[in-house]
Amino acid sequence: MTVIGWIQILLFCAILVALTPLVGGYMTRVFAGERTFLSPVLRPVEAAIYWVGGVDDKREQHWLTYTVAMLLFHVAGFLFLYALLRVQASLPFNPAEQANVAPDLAFNTAVSFITNTNWQNYGGEGTMSYLTQMLGLTHQNFLSAATGIVLAVALIRGFARASAKTVGNFWVDITRCTLYILLPICIAYALFLVWQGMSQTLGAYVDATTLEGAKQTIAVGPVASQVAIKMLGTNGGGFFNANAAHPFENPTALSNFVQMLSIFLLGAALTNVFGRMVGNQRQGWAILAVMGILFVAGVAFCYWAEANGTATLNALGISGGNMEGKEVRFGIVASALFAVITTAASCGAVNAMHDSFTALGGMIPLINMQLGEIVIGGVGAGLYGMLLFVIVTIFIAGLMVGRTPEYVGKKIEAKEVKMAMLAILAMPLMMLGWTAVAAVNPQALPQLGNSGPHGFSEMLYLYVSSTANNGSAFGGITANTMFFNITGAVAMFVGRFFMIIPAMAIAGSLVEKKIIAPSAGTFPTTGGLFVGLTVGVILVVGGLTFFPVLALGPIVEHLAMLAGTVF
Amino acid sequence: MDTTKLRKRMPVSTLFDPKIVIPAIGQSFVKLNPATLIKNPVIFVLEVVTVLTTVLLVRDIVQHQSDLGFTFQIVLWLWFTVLFANFAEAVAEGRGKAQADALRTTRTQTRAKRILNADNTELYEGISAEELEAGDLVVCEPGDIIPGDGDVIEGIASVNEAAITGESAPVIRESGGDRSAVTGGTTVLSDRIVVRITSSPGTSFLDRMIKLVEGAERQKTPNEIALNILLIGLTIIFVFATVTIPSYAAYAGGAVSVVILVALFVTLIPTTIGALLSAIGIAGMDRLVRFNVLSMSGRAVEAAGDVDTLLLDKTGTITFGNRLATEIVVVPGVTEREAAEAALLASNADETAEGRSIVLLMQEKYNVKRDVAPAGAKFIEFSATTRLSGVDIGDRKLRKGAIDSVLAFARKEAGRDVPEPAAFRAAVDRIARAGGTPLGLVDGERILGVIHLKDVVKPDVKERFAALRRMGIKTVMITGDNPVTAASIASEAGVDDFIAEATPEDKLRYIRTEQAQGRLIAMCGDGTNDAPALAQADVGVAMQSGTQAAREAGNMVDLDSDPTKLIEVVEIGKQLLMTRGALTTFSIANDVAKYFAIIPAIFLAFYPQLAVLNVMQLATPQSAILSAIIFNALIIIALIPLALKGVAYRAIGAGPLLQRNLLIYGLGGIVLPFIGIKVIDLAVNALHLV
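Here the protein sequences come in this chain order: A and B. Residue numbers are given in our numbering: position 504 of the first sequence equals residue 519, and the series is strictly consecutive. Residue numbers are given in our numbering: position 144 of the second sequence equals residue 151, and the series is strictly consecutive.
Chain A on its own, in the form it takes in the complex (with noise of 0.2 Å):
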C-alpha cells in the first residue's frame, strides 16, 4: 500500500461527498415537480411526452397502481429487447454483421439489462449489432436506471408524507427522472469521455496491421454514449467484453477516476434526497455513513489484500502485489478501488478480472454483493434496499429502548417488519438456493474454470452478481450455456422484483401513517450511535447467512494457498 494510493481512495471520498447535497438537493427539486435551470428546454418536451403518452401529471397514483405501471413497464420493455435482440441481423446499423441471438441468450441478456443487471454471457463486440447497441441495451440503460431512482423517491415519500394516500405517479417520475437527471448528467458526461479518447462511431470496425505484420481489427462504436449512462446508471453492461479493461472504454486515467465517481454519484445524492425529503438532511447524512463505512472497511481490506499478493508470489520473488489480471495502466489501487465500487453499487462495470484477485481481495466484492448491495447500491436500488435494513435495525433498537419502535417519524408495525424481511429473503434463496443446485448440476460443472474452492467461488459469484443485480461476472466459469443462461435469469428477476414489490408496499403502508413528533424517548437516528448499530446489523445479518459460503470458497481458498495449495 502507497501514500499515493491512499490519497487517490481519499479523495474520490471528499469529491463524493461534495457533490451529494448538490446533486441531492436538484434532484430533490425535479421529484417535488419544482422549476429548475433546466425547465425552459425540457418543460415542452415533457409536457408533449404527457400529452402523447395521455398522462395527467397532476394525478397521483397509489403504491399499487405505482407498482402494476412499473411492472407494465418492464413487460414492454422485455418483449421489445428480446425480439431485437432475436432479429438484429435483419435490421440496419449492423456494419460487423453480427448473427440473431440465441433464445436462451437474449432472454438472459433481456432479463440482465430490464433488471438493471447487465450480466453478459456474450462479448458485446462479438455479438451486438450498433442497433442493438444503441436501441436496446442503451435504452434499457436508462430507463432501468431511472426506474430505481423513481421506485426509491416513491419509499422516501413514503417516510415524508404524512396521512396520505398516493405516492406519486410512476409515468410522470419516469419522465422527469429520465428528461432532467439522466440525459442532461450523459451527454456532457459523454462528451467527456469521446475527448478522453473514447470511440464514438457508426462507422465499421477497423482493420490494422501489427508491427509483427499480422492483420487485426480494432472494434469500434458507439461507445461513449453507452459508457456514459452504463457508469451513472450502476449498468454496467460493456460495449466491449473487456469492459472498462478495454483502452476504448477506458482510455485514460481521468476517465478512471470519473467512471468510479460517476457509479457512486446518483445512489449517494439520493441519500441527501431522503434527508430533504423528511426535512432533515442529516438522516441522509447518517445514512451515506452507514455506507461510508461499509465501503471504506471493503476498499481497505482489499487495496490490502491486493498490495501485499499472496505468499505463493512472493516466494517467486515477484513483489509489488498482485497484478494479475489487472490493467498495467490503473495499477492496484485503481483496480481494487474499482471493483469494491463497481459491487458496492450494482454496477458491474470492471477494470480488472476480479477472478484474479487474491482470494481475500476477491471476497470483498463478493462480501458486497451478498450485502445486497446497499453500500451506495444501485441507483435507487441501494437506497431502498438500505431502507429495508434500517426497518429492521430500528425494529430491534426501538424494543431495546422501550418504545414501538419508530423511522423519521413513522411507526414501524408489523407490516413493514413483514415487508423488509420477505425483501431482504429473497436474496439468500436466490445466490445459496441456485449455488447449491449448480454445485451438484452435473452439466454445470464442467463449465468452471477452475477445480476446488476456487471454481465454487466461480459459481457462488455468478448467482450472487445476477441476483444482487450486479452484473459484474467473477471470469473464468464459461456461462453462456441453456442452465446458467435460464437459472441466473430467474435470480436476476426475483432479486430485482421480490424487492422492489415489498418495498413499495412498504411505501403504502407507511404514507397512510401519522407523523409522530419526536421525544428524547425516540431513538436519535442521526447519531453515531444509530450508524454504528445499522453496521451492525447489516454485518450479522449478512455474516450469519453467508458464513457457510464464504468459507468454503474464499476463505479455505486463502487458507489452503497459506498451506501452498492452488486451485
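What the hints contain is simulated information worked out from the structure, not anything from laboratory work. Just so you know, these numbers come straight off a predicted model, no measurement behind them. Where hints are given, some of them may not hold.
Derived coverage of chain A by chain B (criterion: at least 3 residues anywhere in the stretch with Cβ under 8 Å from a Cβ of chain B; other residues may be distant) [said to hold, decoys possible]:
#1 103 to 112
#2 421 to 429
#3 447 to 459
#4 526 to 534
#5 542 to 556
#6 559 to 571
Here's a subset of chain B near chain A, in silico, CB distances under 8 Å, partners left out [to be verified]:
#7 233
#8 237
#9 435
#10 524
#11 589
#12 616
Even glycine gets a Cβ: it sits at the ideal position worked out from N, Cα and C.
Put chain B on the given structure of chain A with help from the hints.
Frame of chain A, contents of chain B only:
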C-alpha cells in the same frame, strides 16, 4: 412505590417455587402437542426437526450404525431444548395461576338475591350468581357477597373489597355520584343496597381478572406479532443457509449427516427468544397485576410504554391533597418560639389534617414539646360561623383561623379597633400570591402571626417528573385551582404544563390536540365525567373506587385507586418491550460463536485447513457440536429469571439506554457463548461423553 405494602396484597412466588415448578414440568410435556405449539413458530420448527432426528436415530439403531451415542445425545438435547422452551412458558403461566386460584376461591358458590319485581325491592328469589344476567336487580345485605359487577341504584353501604384489592379497610358505596360501582366478589359489611348487575355471566371483572392472570385470554400484541415475523424471517434465512450445505459439501467431495445439519440449524435459529417470548408477555401482565393494576389487553400495556404525555390530577397525585403547615410568620414583638407554642396549643386537640400538620411542624421545626399542654384547657372546635378553632386555657384565648375572622376576634376581645400590623398583612399577601392559604393566629387581642398552609407537593414527585422528562414523557397537571395557584404548584412540582380551572371538556380537548400532533396520551380518572377523556386517551387508567362508567371507558383499572401508578404502568410497558428487544439481540448475537464452533467441525473432514476457525480450540468436531447444542438448551433455562423479572429499566434517555443494552445484551451475547461453549466442551470431554 411502597413495595412492602404490595407484597402483602398479592402473593409473589419466588422465581422457582416448587409449587409452580413441579406442575410446570408436567405442563412442559403437555405443551409438546404440535397443535398448540404452532402458535410459537420458532419452537414449532424446532420440534419438527427434533422429531426428524429422532426418527433418524431409530433408523440408525435398527441398522446398527456407528456413532449411536453421539446421535442419541444430540437428539436428547434437542428434546431438552423444546421442553425448556415449554417450561419457560409454563412457569410464567403457573405464576399467574397461583394468583388466579386465590381469586377464584372468592367466586365459588355465591348466591344472589334477585328482585322479582322492580317496584318491590323486598321481594326476591335466591339463585346462583352464575345465573345472573346483565340488567337484573339484586339485593345485598350485611354479610352478603355481591354476586356480580354493577351499579348501586338504591341505598348506601360499606363494602369490604379485600377480595379484589387486598385492602381490608371498608369503602363506601352509594347510589348516584362517583362511588356507585360495586364489584362481584366483594362483601357488604353494613346496610342494605340494591344493585343493578351490569355484567353477563363469565364476563365479570373477577372473571376477566382470572383469565388475564392465567394468560388464558392472552392475545398476541401488535409488537409481539411484528417480532414473531422477524424471528420467522430469520428462521427461514437459516433454513436456506443449512439446507444448501450438503450440496456444497458434495461439491467439495465430502458429506454432512442430517443430524449435524439439524444441530447447526437449531443453534442458529432464534430459539432463545422464541422460547421466552410468551413468558415475557405473561410476566409483563403479571407485573402489572402485582402492582394491583388490571389491563384489559396486552395492547394497552404496550401502548403505555409508548406514552408521550401524562395527564395527572393535582390532588392526590402531585400534592398530598390536604393543605399542610409549612412555616409560621410572626409580627414584630412576638418571638417565633412564643408563636410556635401558641400555635401548638391551639391545634393540640385539632384532629383535622391541617391541625395535625401544625402540631407536627411546631414540634419538628420549632422544637416545641407537645406536653406543654396545661390542665384545664378547653378545646374550641372549628365552626362554620366563627371560622375559628383554638383553645381556652384559663383566661387565655388562643385562636387560629381565616384572616378576617382572626382580626374580628381580636377586635371583639379588645372591645376596640385593633390595628392590623403591617408585617401581618405583608405575610398574608405573600402567602396568597404563592398559592398558599394564610391562617391567622391570635392570643386574645394580640395578633401573633400567620401560619402558612400549603398544598404540599409530595416529596419525590419532582425527581420522578424529571426522570419522566429524561424518558421523553411530558407531564401535565390538571387542577380546578385558579391559574395563579396552579402555576405556583406546577413550577414547584416541576411539571411541564398545567390546565387550571379544568373542566372535563378541557381535558378532552387537550387530549385531542396532543393526539393530533402524533402523541400518545395516558391519564387516570374516576368520575363519570372523566369517562370521555379516559376513552379518548390511549392509556386510560380508571380508579377501582370510581364509577362503572369510568371503569368501562378506561383500558386499565387501578385497584388501589392510586393515580401515581400511571408512572409505574409506563415503566412496566417499557420494560416489557425492552426485555423482548434485549433477548432478541442476545439470541442473534449468540449465533456468531455457534458458527465458530460448528462450521469448522462439519467441514474439517474435507477441508482440514478450516481448523484455524476453531478459535475456541474445542477438542473434537463431535464435542464441538454437542457443546453448542447443550449451550443452546441451557441458556433458555438460565434466562427464564430475566424473562420473568424483565430487564432493568433506567430513565436515562433513549440513546444512553440503547448503548447500555447493546453493551450488555449485544456484546455480551457475542462474548458469553464463546466462554460457555468452551466450558461445556471441557466438561463434555472430561466426562467422556463423546
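Failing hints, ascending?
Hints 1, 9 not satisfied by this model.
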